[in-house]
Structures are given as structure tokens and as C-alpha cells.
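In this text, residue positions in the sequence shown follow numbering that gives the first Met the number 0: the first is 0, and each later residue adds one.
Certain hints may be false.
To be verified - Okay, the calculated beta carbon distance ranges per label pair:
{"no.": "1", "residue 1": "Asp-141", "residue 2": "Asp-290", "range": "47 to 57 Å"}
{"no.": "2", "residue 1": "Thr-206", "residue 2": "Ala-77", "range": "48 to 58 Å"}
{"no.": "3", "residue 1": "Met-307", "residue 2": "Asp-63", "range": "35 to 45 Å"}
{"no.": "4", "residue 1": "Ser-70", "residue 2": "Ser-317", "range": "36 to 46 Å"}
{"no.": "5", "residue 1": "Lys-338", "residue 2": "Ala-77", "range": "37 to 47 Å"}
{"no.": "6", "residue 1": "Lys-48", "residue 2": "Gly-146", "range": "13 to 23 Å"}
{"no.": "7", "residue 1": "His-280", "residue 2": "Ser-342", "range": "32 to 42 Å"}
As the list claims (entries may be wrong) - Here are the simulated lysine-lysine pairs, DSS-like style, with alpha carbons at most 25 Å apart:
{"no.": "8", "residue 1": "Lys-55", "residue 2": "Lys-249"}
{"no.": "9", "residue 1": "Lys-324", "residue 2": "Lys-180"}
{"no.": "10", "residue 1": "Lys-55", "residue 2": "Lys-338"}
{"no.": "11", "residue 1": "Lys-180", "residue 2": "Lys-338"}
{"no.": "12", "residue 1": "Lys-326", "residue 2": "Lys-338"}
Simulated from the structure, these hints should not be mistaken for laboratory data. Backbone N, C-alpha and C fix where the C-beta goes; we use that ideal spot for every residue, glycine too.
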Amino acid sequence: MPLQNNQGHRRDLDLAETSNDRVALSNLGGTGIGDDLSRLVNNLRNTSKVSFHTIKEGYFDFGDDINVGISSLRCVQATQTSSTGALVGVSKITIHSDKSYLLRIGDQIKIENVSGGGAVTDAQGNLTGGVTTDGVDVFKGDFAITGINRDENQFECIKTGISVSIRDQTVAGSNLIIRGKDVFAYTNDDKITFDKDVTVYVVQGNTQLTNVTFTKGTEYYVCDSNGLDRFNLSTRPSYDTLGISTIVIKHGGSDSGYTGLTTSFSPSEEFSLTRSEPVEHGNLINFIAPDIQDDGFSYGSGTITAQMDGIQSNNESSQYFIDKKYKGTSNTTSTDEIKTEGSLILNDPKQDMTSSNIVTSYATGAGMFIEGTRAFSTDNNPWTDTGNDKLETNSDEVTIGELYFGDHVNGPVITGAGFDGTHASDTLTGVRSITAGTVVPTDFSYKIPVKIENADGNVETYYLLLARNTDNTSSLP
0 MPLQNNQGHR
10 RDLDLAETSN
20 DRVALSNLGG
30 TGIGDDLSRL
40 VNNLRNTSKV
50 SFHTIKEGYF
60 DFGDDINVGI
70 SSLRCVQATQ
80 TSSTGALVGV
90 SKITIHSDKS
100 YLLRIGDQIK
110 IENVSGGGAV
120 TDAQGNLTGG
130 VTTDGVDVFK
140 GDFAITGINR
150 DENQFECIKT
160 GISVSIRDQT
170 VAGSNLIIRG
180 KDVFAYTNDD
190 KITFDKDVTV
200 YVVQGNTQLT
210 NVTFTKGTEY
220 YVCDSNGLDR
230 FNLSTRPSYD
240 TLGISTIVIK
250 HGGSDSGYTG
260 LTTSFSPSEE
270 FSLTRSEPVE
280 HGNLINFIAP
290 DIQDDGFSYG
300 SGTITAQMDG
310 IQSNNESSQY
320 FIDKKYKGTS
330 NTTSTDEIKT
340 EGSLILNDPK
350 QDMTSSNIVT
360 SYATGAGMFI
370 EGTRAFSTDN
380 NPWTDTGNDK
390 LETNSDEVTI
400 GELYFGDHVN
410 GPVITGAGFD
420 GTHASDTLTG
430 VRSITAGTVV
440 PTDFSYKIPV
450 KIENADGNVE
460 TYYLLLARNT
470 DNTSSLP
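Using the sequences and the accompanying hints, generate a full structural model.
In C-alpha cells:
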């Protein structure tokens, strides 16, 4: 061993040195330098991992809720101390999901669509006989995760206000909703690796649009990140001389629009993304407050927590208004009243809107739809024949162009007072369209009141104007 603290390799011992690297470094650089270097090295190895969430509009997306199936549900009665110090009865719920997903203690989940019964047990889970439907109330609702198993497919939570023990609960049709979140933000040029080889397929009918493979251990770089909850991946960082090379995953808005797309994964969508999070020189410099050269400048008031809350609030507000803004990159759903002047032009470059039943049966693709009916498909409001001798529309500004009697062969039967002495006083039959000549709008002999009533009971009276049929007067007035 060296005779002095700052002594390194000893020449008289053939440059022998201690096998303890940390001690050797301290001998060379002074006491404690070994620990410092060890921390620096470990800072370069920092990583964090998240489970794949979903792909939306070609992006890896973590902001939306996803549905994970449930393979089993059970609960046991227990007690816990309330905020007042009293013991209260609770039910400890255990959920087995049909896929692994990395959650953390405190993460929010929701169980919904629970129905049917479950077997009654004692507090140890042993069957005691009988079936109960209490599980419908026990298992449904929002919960915070209190426990997770090693395989990341079993989660525990607490239901307060009910203390029962149930197992073998019916789970057909039930759902486990994993909440979207933006607390794990990815920023451009973050390094990402996959824990296994994953291939993403996107198909439209029999046509394959996307077939990309992410290789285990290969470094990919975040690009096009919104700084909150979605991003794309590139094979090169932005600081590469060639720039980024985005890995494209086709979606409905790609190449002017696709419809009926199906996204799948091989071998499955159970994979994780690991982000490299080294602490480097630049990160440390960010902690050094720069000199204030302007006496009127400040870094804000309040605590760091309050300032961070303010930043979060501003981010959420901006995201809300971005979602409401009309844009060409994604769909916009709005209840706003739209008023326009001039022309509205709707493009369909992929010619997806050419079906014969496009007016009422096609609710996706290029176009604007009002209650499932393609807008501007007719000159008038979308009317619905209810089959009860009336037409209905949800429009509050009604216009009527041509009144069409569907039974044009035999003509409609119009009830009301007779028009002359040759017909019954309650019906007028045999009305047919005029096939020759021209009828001036003012040349009418009869008018029939037609009442248009809205859902609120307000009635507006219009008049059906009739002219004598000069083609065949033998049986008509």
C-alpha cells in the first residue's frame, strides 16, 4: 500500500497498487475523489422506463386513456385507520390484467362495466359458499394503485365504505382503464431503446402501409415532441450532419388521408421504452443562476413549487385551446356555431368519398358531417322520414325546397275539406303530377295548410298550393 495518501503506484513494488480502484483514485487525487468520480460515472448511466401506451396519429402517445382487459378480480375485507384515527372497514381489491403494464404506486386506474356475481369467501380468501352481486359496487370506480407485483400484471387498490370478501368475480365485458398522463415528458433528441424487437404494422384493407421494426438495444432519438405526452422517433439526432430521419407510421392524416386503418404489433404490444437520462456538464450549469444585469428583472415570485404549478397550468390551458383550434393535422370536434362568408371548399384527393351511399352511410374521410349526414349533400336541411306520415329535422333554421310525394303512381291522399261537390268532404284522391304545360306559381286553385312543428311545440303554418290538372280532368275537379 502507498505510504502517503497522495501516493499512486510504487516503483519499488513493481508499480503494484491496491486492487480497490476507489482507494487508488483517492491516493492519486486526494481523499474523496474516488467517491466523486463514482457518482459522476453513475450519473451517466441513469435511465427510466415506461410501458408502451398507444400510437395515435402516427405518434407514440401517452396522454390518452387506454383500455386493458381484466382476467380476474377479487377482494378481501380489511380495516384501515381513517383521518380521524378510527378504524374503518375497507375492501382490498386485486386486479389481474391480461397484459403487463408498468404502473407506479399512486397511479390512477378505473374499473368499469363490472356485472354478474362472485363467490363469497372469508378474509383469507377461502370459499364459504354462496354467490353475491356486491362485486358490482365494490370493483367499479376510480382507484389509486397501492401495490404491484413483479410481473407488472397484478395491481392492488382500496375500496372504502364497503368491507366484503369476494373471489371469482365475473369479468366478461369488464375493462381496466389506465389513465393517460404527461408527467413523463419526452423532449427532442432524448435517446430511447426498446426492451425487445418490435414490428409495427398498419394496413388498409389488404394493403400494407407501414412495416417498421424497432430493434432491441438500438438507440433511437425523440423528434417532433410536443414536450408533454407524444413524440416520434428518428434514427438520427437533430445535431447529426444529415439531420433527423423520422420513422414514419402511417395514420388517417398521412398522404392526404386514409380510412379504415388497422394497427398491430409483433410479437405483441407488451414492450417497454427505456430513456437514457445522463447528468452532464450542461445540466449542472443550468443550476447556476446567471447574473442579473437588469435591476428590474426577477425570476418570479413565490416558491419553486408555486412557479412550477403556474407553468403546469399554462401548459394545460394552451393544450386545451390547441385542441379546440381548427387545424389540418387532426380532427376537430366542436359544438361551436360556424358562420362563413363566401365559399367552403372540401377536398377529397384520395377519392374516398365516391360510394353510392356516401350521403348517409359514410361518416369518415374528407368532408363535414352533421349528425351522421354529409353536409352540403343537398340544397336543404337533412330531413328524416320517420314513417309516421311526417318528416323530421334537428335543424333550427328550416328551409323547404321541393315537396316530393313518394307515391307518385297513385298519388297521395290529402285529408281535409272537399274541393267540390263530386268528392267526399274528408278526402281528395287521385292527385297526380302535371306532365305537360307550364304552371305559373300564381295560377293555383286551391291551397292546403301544412303545419311544421318543432320539438318544443312551436308551430309554423305553410300552404300547399294546388293547380287543376289539365292533362286528365275526367275524374278530377
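Quick rundown of the hints versus the structure:
1. Take Asp-141 and Asp-290: their Cβ atoms lie about 49 Å apart, and the range 47 to 57 Å holds.
2. Look at Thr-206 against Ala-77: about 55 Å separates their beta carbons, and that is inside 48 to 58 Å.
3. Separated by about 24 Å at the C-beta atoms, Met-307 and Asp-63 break the suggested range of 35 to 45 Å.
4. Taking 36 to 46 Å as the suggested C-beta distance range, the pair Ser-70 and Ser-317 conforms, at roughly 40 Å.
5. Look at Lys-338 against Ala-77: about 59 Å separates their beta carbons, and that is not inside 37 to 47 Å.
6. Judged by the Cβ atoms, the range 13 to 23 Å given for Lys-48 and Gly-146 holds: they are separated by roughly 19 Å.
7. Between His-280 and Ser-342 the Cβ separation comes to about 58 Å, which falls outside the hinted range of 32 to 42 Å.
8. In summary, the hint linking Lys-55 to Lys-249 is supported, as the alpha carbons are separated by about 10 Å, within the 25 Å threshold.
9. A distance of roughly 22 Å separates the Cα atoms of Lys-324 and Lys-180; the hinted pair therefore holds under the 25 Å criterion.
10. Restraint check for Lys-55 and Lys-338: the C-alpha separation of about 31 Å exceeds 25 Å, so the hint is violated.
11. Note on Lys-180 and Lys-338: the hinted pairing is violated, with a Cα-Cα distance of about 36 Å set against a maximum of 25 Å.
12. For the proposed pair Lys-326 and Lys-338, the alpha carbon gap of about 17 Å is at most 25 Å, so the pair holds.
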